[in-house]
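Engineer: Going line by line, the protein sequences match chains A and B. Position 127 (the first sequence) corresponds to 127 in our numbering; numbering is contiguous. Position 3 (the second sequence) corresponds to 136 in our numbering; numbering is contiguous.
If you're looking for bench data, these hints aren't it; they were derived computationally from the structure. Bear in mind that the values here come from a model prediction, so they are computed numbers and not experimental data. Hints may contain errors.
Claimed, not checked - Below 27 Å or equal to it, Euclidean Cα-Cα: the simulated DSS-like pairs (lysine-lysine) are:
{"hint": "1", "chain 1": "A", "residue 1": "Lys86", "chain 2": "B", "residue 2": "Lys239"}
{"hint": "2", "chain 1": "B", "residue 1": "Lys239", "chain 2": "B", "residue 2": "Lys268"}
{"hint": "3", "chain 1": "A", "residue 1": "Lys125", "chain 2": "B", "residue 2": "Lys164"}
{"hint": "4", "chain 1": "B", "residue 1": "Lys239", "chain 2": "A", "residue 2": "Lys125"}
{"hint": "5", "chain 1": "A", "residue 1": "Lys125", "chain 2": "A", "residue 2": "Lys24"}
{"hint": "6", "chain 1": "B", "residue 1": "Lys268", "chain 2": "B", "residue 2": "Lys149"}
{"hint": "7", "chain 1": "A", "residue 1": "Lys24", "chain 2": "B", "residue 2": "Lys268"}
{"hint": "8", "chain 1": "B", "residue 1": "Lys239", "chain 2": "B", "residue 2": "Lys149"}
{"hint": "9", "chain 1": "A", "residue 1": "Lys24", "chain 2": "B", "residue 2": "Lys164"}
{"hint": "10", "chain 1": "A", "residue 1": "Lys86", "chain 2": "B", "residue 2": "Lys164"}
{"hint": "11", "chain 1": "A", "residue 1": "Lys86", "chain 2": "B", "residue 2": "Lys268"}
{"hint": "12", "chain 1": "A", "residue 1": "Lys86", "chain 2": "A", "residue 2": "Lys24"}
{"hint": "13", "chain 1": "A", "residue 1": "Lys86", "chain 2": "A", "residue 2": "Lys125"}
{"hint": "14", "chain 1": "A", "residue 1": "Lys125", "chain 2": "A", "residue 2": "Lys5"}
{"hint": "15", "chain 1": "A", "residue 1": "Lys125", "chain 2": "B", "residue 2": "Lys268"}
{"hint": "16", "chain 1": "A", "residue 1": "Lys2", "chain 2": "A", "residue 2": "Lys125"}
{"hint": "17", "chain 1": "B", "residue 1": "Lys268", "chain 2": "B", "residue 2": "Lys164"}
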Amino acid sequence: MKYQKGDALPELVKDPVSRTQLVKYAGASGDYNSIHYDDEAARAGGLEGVIAHGMLSMGFLGQFVETTFGAGSYKRLEVRFQGMVKLGEVITCRGVVTDLAEENGREYAACDIEAVDSEGRVVTKGEAQAWLD
Amino acid sequence: MSTRITPEIRALVGRKHGPYRVRVEQGAIEKFADAVGDENPAYRGPDAIAPPTFPTTFRPRDAYPDLPPSFGDVGLHASQVYEVERPIRAGDELDVSFTIVDITEKSGRTGDLVFVEREYEFTDARDGFRVGGGKWVSLRRFRN
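Using the sequences and the hints given, assemble the complete structure.
Structural biologist: In C-alpha cells, the structure reads:
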C-alpha cells in the first residue's frame, strides 16, 4: 500500500501485557531490572507494582512500523517513555505519516507514532522513518 | 538546589565502553520476537532479520561505566533511538561500543532525576561497515 502525507496508519492492538510476557522479555532482552517482575522491588522503588519494560512498548512500536511498511523497512525509531505500562494493560499502537522524503535515491516515510493504554494515555511516543521500497 | 552530580559522577562523561563482539543468533532473534508477541515470519528461520529494537539485547558482559547501583531509588528509561543502515541478520557479527555523552539532572514533581545519555554504534566485524547505532537515555529517580 502506498501512503501519503497525512495518512493515518492502521492501528495495532496488542494482547494484554502479562507477567509471563515480562519474564519472557526480561530473558530475551537481558534486562533483569526486578521492577519488571517483582512487585516488592517495584514498590521499594516507589512504584505501585510491576511495570513493563519501556523497551517492550518500543518493541510494540517496532512491530507496528514493520507490520505497516514491511519487515526490514525501518530506518530510524526514536521514542520517549512518558508513562508506565501496568500488568494487564492493552496497548494500541497508532501513527500518522508526517512526510515523504528521499535519501540516496530511496524514498522513505516519516511518521509520528505512539503507544497508548486502554484509557487513552500516551505511554510511549516518538518518530519513525521507514523505507518505502 | 544542591547537585546530585558529584565530580565522581561528572567524570563518567566521555567514558567509552567497548568495542565488544556480539554474535547475532537466529534463536535469540526468535525468542525476542516471541517475547514481544510479534509473529512476523521475517524474524524466524536461518535467514531471519532482527526486529527493530533487537539491539537492546547487545548488552555488555563485562562491567561498564555507569552510575553506582545504589544511586537513586529506582532506575528507569527516559528515551531511546535506533537507526540502521541495513537490517541486522542472523549470523551477523557486530562490534558494539558506547560512550556516555552527557549527565544532567532536574527536579521533578516526585523528586530529583538524574539522566545519563549514551550514544552507541555497531559495526560489521567482517568489513567495518557501520550497521547502525543509537542513543539511550536512562534515569535514576530520588524520591522526595
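Engineer: Indicate, hint by hint, whether the structure satisfies it.
Structural biologist: Outcome of the hint check:
Under the criterion of a C-alpha separation no larger than 27 Å, the hint pairing Lys86 (chain A) with Lys239 (chain B) is consistent with the structure, at around 25 Å. Taking the CA atoms of Lys239 (chain B) and Lys268 (chain B), the gap is near 20 Å; set against the 27 Å cutoff, the hint holds. For the hint pairing Lys125 (chain A) with Lys164 (chain B), the CA-to-CA distance comes to about 25 Å; that is within 27 Å, so the pair holds. At most 27 Å may separate the alpha-carbon atoms for a hinted pair to count; Lys239 (chain B) and Lys125 (chain A) meet this at roughly 21 Å.
For the suggested pair Lys125 (chain A) and Lys24 (chain A), the alpha carbons sit about 23 Å apart, so the restraint of at most 27 Å is met. With a C-alpha separation of about 14 Å, the suggested pairing of Lys268 (chain B) with Lys149 (chain B) holds against the 27 Å cut-off. Restraint check for Lys24 (chain A) and Lys268 (chain B): satisfied, since their Cα atoms lie roughly 24 Å apart, inside the 27 Å limit. With a CA separation close to 24 Å, the supplied pair Lys239 (chain B) and Lys149 (chain B) stays within the 27 Å bound.
Our distance criterion of 27 Å between C-alpha atoms is met by Lys24 (chain A) and Lys164 (chain B), whose separation comes to about 8 Å. Of the pairs offered as hints, the one joining Lys86 (chain A) and Lys164 (chain B) holds, with about 22 Å between alpha carbons and a cut-off of 27 Å not exceeded. Note on Lys86 (chain A) and Lys268 (chain B): the hinted pairing holds, with a Cα-Cα distance of about 25 Å set against a maximum of 27 Å. The straight-line distance between the Cα atoms of Lys86 (chain A) and Lys24 (chain A) is roughly 16 Å, inside the 27 Å bound, and the hint therefore holds.
Between the alpha carbons of Lys86 (chain A) and Lys125 (chain A) the distance comes to roughly 17 Å, so the proposed pair stays at or under 27 Å and holds. For the proposed pair Lys125 (chain A) and Lys5 (chain A), the alpha carbon gap of about 19 Å is at most 27 Å, so the pair holds. The suggested pairing of Lys125 (chain A) with Lys268 (chain B) holds, with an alpha-carbon distance near 15 Å, which does not exceed 27 Å. Simply put, Lys2 (chain A) and Lys125 (chain A) have alpha-carbon atoms about 23 Å apart, close enough for the 27 Å limit, and the pair holds.
This hinted pair checks out: Lys268 (chain B) and Lys164 (chain B) have alpha carbons roughly 24 Å apart, not beyond 27 Å.
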